[in-house]
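Model the full assembly from the supplied sequences, consistent with the hints where possible.
So the sequence lines, in the order shown, correspond to chains A and B.
Going by the working numbering, 307 is the number at position 307 of the first sequence; the sequence numbering is gapless.
Going by the working numbering, 454 is the number at position 454 of the second sequence; the sequence numbering is gapless.
FYI, nobody ran anything at the bench for these hints, they're computed from the structure.
All values derive from a computational prediction rather than experimental measurement.
Where hints are given, some of them may not hold.
Here are the computed lysine-lysine pairs in the DSS-like style, where the Cα-Cα straight-line distance is at most 25 Å [unchecked claim]:
#, chain 1, residue 1, chain 2, residue 2
1, B, Lys198, A, Lys376
2, B, Lys439, B, Lys217
3, A, Lys358, B, Lys427
4, B, Lys380, B, Lys198
5, A, Lys352, B, Lys427
6, A, Lys363, B, Lys427
7, A, Lys48, B, Lys36
8, A, Lys376, B, Lys467
9, A, Lys3, B, Lys6
10, B, Lys530, A, Lys352
11, A, Lys3, B, Lys59
12, A, Lys358, B, Lys439
13, B, Lys380, A, Lys420
14, A, Lys48, B, Lys59
15, B, Lys59, A, Lys420
16, B, Lys112, B, Lys199
17, A, Lys358, B, Lys467
18, B, Lys36, A, Lys75
19, A, Lys363, B, Lys467
20, B, Lys427, B, Lys467
21, A, Lys230, A, Lys352
22, A, Lys231, B, Lys276
23, B, Lys199, B, Lys383
24, A, Lys48, B, Lys6
25, A, Lys92, B, Lys59
26, B, Lys539, A, Lys352
27, A, Lys363, B, Lys530
28, A, Lys386, A, Lys358
29, A, Lys358, B, Lys539
30, B, Lys467, A, Lys352
31, A, Lys376, A, Lys352
32, B, Lys276, B, Lys217
33, B, Lys276, A, Lys230
34, B, Lys530, B, Lys467
35, A, Lys420, B, Lys558
Counterexamples of contact, computed for chain A against chain B with all Cβ distances above 10 Å [unchecked claim]:
#, residue
36, Arg2
37, Arg68
38, Arg117
39, Gly127
40, Gly320
Every residue, glycine too, gets a C-beta built ideally from N, C-alpha and C.
Okay, here's what each chain looks like letter by letter:
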Amino acid sequence: MRKIYSRIESISGNVISVLADDVRYKDLAVVETRFGPSLAEVIRLDGKIVSLQVFNGGRGVSTGDEVRFLGQTMKVSLTDNLLGRIFDGSGKPRDGGPELTENMSEIGGPSVNPSKRIIPRNMVRTGIPMIDLFNSLVESQKLPIFSVSGEPYNQLLARIALQAEVDAIILGGIGLKYDDYLFFKDELEKGGALSRTVFFVHTASDPIVEALLVPDMALAVAEGFAVAGKKVLVLLTDMTNFADAMKEIAITMEQVPSNRGYPGDLYSQLASRYEKAVDFEGAGSITILGVTTMPGDDVTHPVPDNTGYITEGQFYLRNGRIEPFGSLSRLKQMVNGKTREDHRSVMDGMIKLYANYKDSLEKRAMGFRLSSWDQKLIQYGELFEKQMMDLSVNIPLEQALDAGWDILARCFEPAETGLKSDLVQKFWPKKV
Amino acid sequence: MKTEGKVVGVNGNMVSVEFTGNVTMNEVAYVVLGDKRLKAEVIRVRGNRAEVQVFELTKGIGVGDPVEFTDDLLSVDLGPGLLGRIYDGLQNPLPELAEQCGFFLDRGVYLKPLDDARTWDFVPLAKVGDKVTAGLALGQVKEGLFDHHIMTPFHLEGTWTVQSVVPAGAYTINHEVAVLASADRTQKVTMVTKWPVKKAIKAYAERLKPTETLVTKVRSVDTFFPVAKGGTWCTPGPFGAGKTVLQQTTSRNADVDVVIIAACGERAGEVVETLKEFPELIDPKTGRTLMERTIIICNTSSMPVAAREASVYTAVTMAEYYRQMGLDVLLLADSTSRWAQAMREMSGRLEEIPGEEAFPAYLESVIAGFYERAGIVRLKSGKTGSVSIGGSVSPAGGNFEEPVTQATLKVVGAFHGLTRERSDARKYPAIHPLESWSKYGGIVDDDKTASGRHFLSRSYEVGQMMKVVGEEGTSQDDFVIYLKGEFLDSVYLQQNSFDAVDASPSLERQRYAFDLVHDILAAEFNLSDKDDARGFFAKLRTAFTDWNSAEWQSEEFKAKERAIRTLMDQKQAGR
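Below you can see the structure in the form of structure tokens.
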């Protein structure tokens, strides 16, 4: 029988401390508060003083509340019964269904041996030309969507989730607005994907500590599925909230902040989550799509900055469109050579012309004279934005390539595009 | 008396231990957790309480857990069989670990770094009665391409006499191959020696000045911002600027004997590319695979942070070891910022008073100490060997003013600054020609590179001016200078890394091509107006880019060179 401690020594923010024996780092405990029981996790041991972060928050915790240590770390049930279910950050059902207790596995496990990884090679098709054609998403890639509040990043995530051919989708919502949570639920239900989805949702009104658990829960489940051979897509929205939750706890624990109040281990913490993206030799894979909202649209803010160093590229979502500049899929060259022979050339050619279009726009804005070449570019740019960049466009890659040739043919002579002549001969639309 | 300890506190990967007996700073300790022993290093001692950083996840450690002290500093095993291997930051072989543990890196599993069952053909070089000092070869074995020297242990002081040495034959690494004697002691020598990673190996005659250029086959580096054998350089840049790609190509093409790659706190995916590709790629110089001259130290971003701190030292110690055999070794560390961050995390846990951006106050001296382990040395045998270090730096927000970049710039000999502006414009390599610098001598005459630099900076000025006054407001002379600078940038500084030929131009070729570029820059052309000038340089650029991808001295190469010269002649003034 485990001891029950009935004296809480200190309460500071969401962190409490008790004097206790025989407690292990990262163990769980239950704190009985007047608002009901709450889980708590050991985050520091110092002699007899045990510091715990309380998942339901420190509010309403009394010094006389009981603390009972469970003698185990945070675990999640790894079974197929998870599919179609909705949980909160600490793994409790949110959908009124039964609690799952089979095959409990630890979360936040060790990292994958690099020599057991394989070079990614499969493209994830999304039906979005700005992704498929220009910055192909690759199975086992980790890629954030850099955006600002108010942009339709959740809509974009939902669309990718519905169209990607994967065995399981795991949605980790961190500080998600309740409306957005319902939106995801409705969209996935409408798309018939709910039965292969697991939700771990922390909404904006839930206690902040639970937010910290969501990525670990989601990724532990993903890892379990992937080792069992499934292709898993993990959606994490929004990782900036995760970083902010870490900041809050770090400050409460009186850690020395490094940059804008964030703890010094922000990079390592984010990396240990994103690096769970993997293609296992002889088993399944995990692809991670995250959302990172940039406070003040500032990419040098510590959260997007550290994220950019960790992930394999990023999609910039701005004004409801995926920006061709700045957006980057570092793994695209591993797959776009195997799709259609004109893929790489069309990708490069169209982007270069679009860059020229931007120059012409600048010229126009400065009041300089526009040449006929500029006029052509402006016509091209407008078509490109309408038929390629608009997020409502939903066509497979091959159609997107054809559409690309069509736009080029409407604006330019073949030689002006800089595309190789053998490709022009094969793909340039014939005049009707 | 054996030192024993008990855990009294856990904070992240730092564990506080109360001990009896003596404890050495940086000594290795093991936290015993059930049937597992977790490796740790002592990083602070106060009274009878020591703080250790644990190289593994600390989950599950509790107050009262026993701690074993080893009295050994954190060390690596040095001996034949290191080349071609893949280790983590603590010299744990990763492929072998995968065979034993599967997909994940189980904690507390430490395997032998070197194969002790394999035999090596030993040839003695020293005779009984020879006088030897630390670092002198006693014998050698053939390791791949190299004669791997079995040396007098580096820690020995004074002169020793060879008392016995085994005859030529096949032995395992732990076989006693020689016995040395001094006035009062004897020392047994096997093929493997342990060395503490945080101490530099200094068993050489003297350090020399790095003067010989280390050819990397990156044109903008070799010609404009060269690096030297035994020199140091750093490559800072924002994310996505191509630091890693640049390091990967350097690791393939650099003109050195041994390459050690320290993947320190970066993406696992990038290491995987190297892991899977190097065994397949053939080094044109030797005809063997690249893997045979490479050691990979891999401590990626999700692996425990404390081991990340150790990994760069593990790498540089191995580099120094091969240098002792008279080889040229290149160490590439990607990224030193992650290493500095690991120090910051630990400093924060120790509650040290923070310096700038919470980095510890000793950041600069530690970075300096690391880069100072590079160098070219004259060995006691008279041969020279070198360790060159190239470190990438990942400055927060791409801002070079931050502490790690600044501390690094103070101690390196060359600076290759990558910028977002150039990488967004898809200019590879994104080394900024106006911000970067080098203190080493390059492969081309200084006068010629100086004139190239002059064009680049003038061209940039004109370009800036043109943004304000437009093309109409720019004089024809200025406009030509602008075009010449752009020309130099696009045909010489930029390289097509996907093109088999252009990706790795030889030293001779670079000299030859730069002479032609120099002629073009110096030439006066008859150009009627701006459109004429733009058109001419566009043609010249296309011709030159084509030439760049033609095989050196092939028929195609000669034909394409003639095409460039014909173009020049048509417009050159006075012809």
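Next item on the list: Quickly compare the C-alpha distance for Lys380 of chain B and Lys420 of chain A to 25 Å and report which way the hint goes.
Entry: It is violated: about 59 Å lies between the C-alpha atoms, which goes past 25 Å.
Checklist line | Hint consistency between Lys530 of chain B and Lys467 of chain B [alpha-carbon to alpha-carbon, up to 25 Å] | finding: holds (16 Å)
Check: Does Lys75 of chain A lie within 25 Å of Lys36 of chain B when you go C-alpha to C-alpha?
Finding: Status holds; Cα separation ~21 Å.
Item checked: Restraint status (C-alpha distance of Lys363 of chain A to Lys467 of chain B at most 25 Å) -> holds (9 Å)
Check: Does the no-contact call for Gly127 of chain A survive, Cβ to all of chain B over 10 Å?
Finding: The assertion about Gly127 of chain A holds, with a minimum of 25 Å to chain B.
Next item on the list: Mind checking the alpha carbons of Lys358 of chain A and Lys439 of chain B for me, to see if they're no more than 25 Å apart?
Entry: The given pair, whose Cα atoms are some 39 Å apart, is violated under the 25 Å limit.
Check: Does the structure keep Lys530 of chain B and Lys352 of chain A at a Cα separation of 25 Å or less?
Finding: Given pair Lys530 of chain B, Lys352 of chain A holds - Cα atoms ~23 Å apart, limit 25 Å.
Margin query: With the threshold set at 25 Å, check whether the alpha-carbon distance from Lys363 of chain A to Lys427 of chain B stays at or below it.
Written below: With Cα atoms ~23 Å apart, Lys363 of chain A and Lys427 of chain B stay inside 25 Å; holds.
Notebook entry, point to check: Are the Cα positions of Lys539 of chain B and Lys352 of chain A separated by 25 Å at most?
Noted result: Within the cut-off at roughly 18 Å; holds.
Check: Taken at face value, is the distance from the CA of Lys467 of chain B to the CA of Lys358 of chain A at most 25 Å?
Finding: Measuring from Cα to Cα gives roughly 14 Å; hence the hint holds.
Note to self: Tell me if the straight-line CA distance from Lys352 of chain A to Lys427 of chain B falls inside 25 Å.
What the structure shows: Holds. Lys352 of chain A to Lys427 of chain B sits at ~12 Å (cutoff 25 Å).
Next item on the list: Decide if the proposed pair is consistent with the structure: Lys92 of chain A and Lys59 of chain B, CA atoms, cutoff 25 Å inclusive.
Entry: At roughly 22 Å apart (the allowed maximum being 25 Å), Lys59 of chain B and Lys92 of chain A satisfy the hint.
Violated hints for the displayed structure, listed by number in ascending order: 1, 12, 13, 15, 21 and 38.
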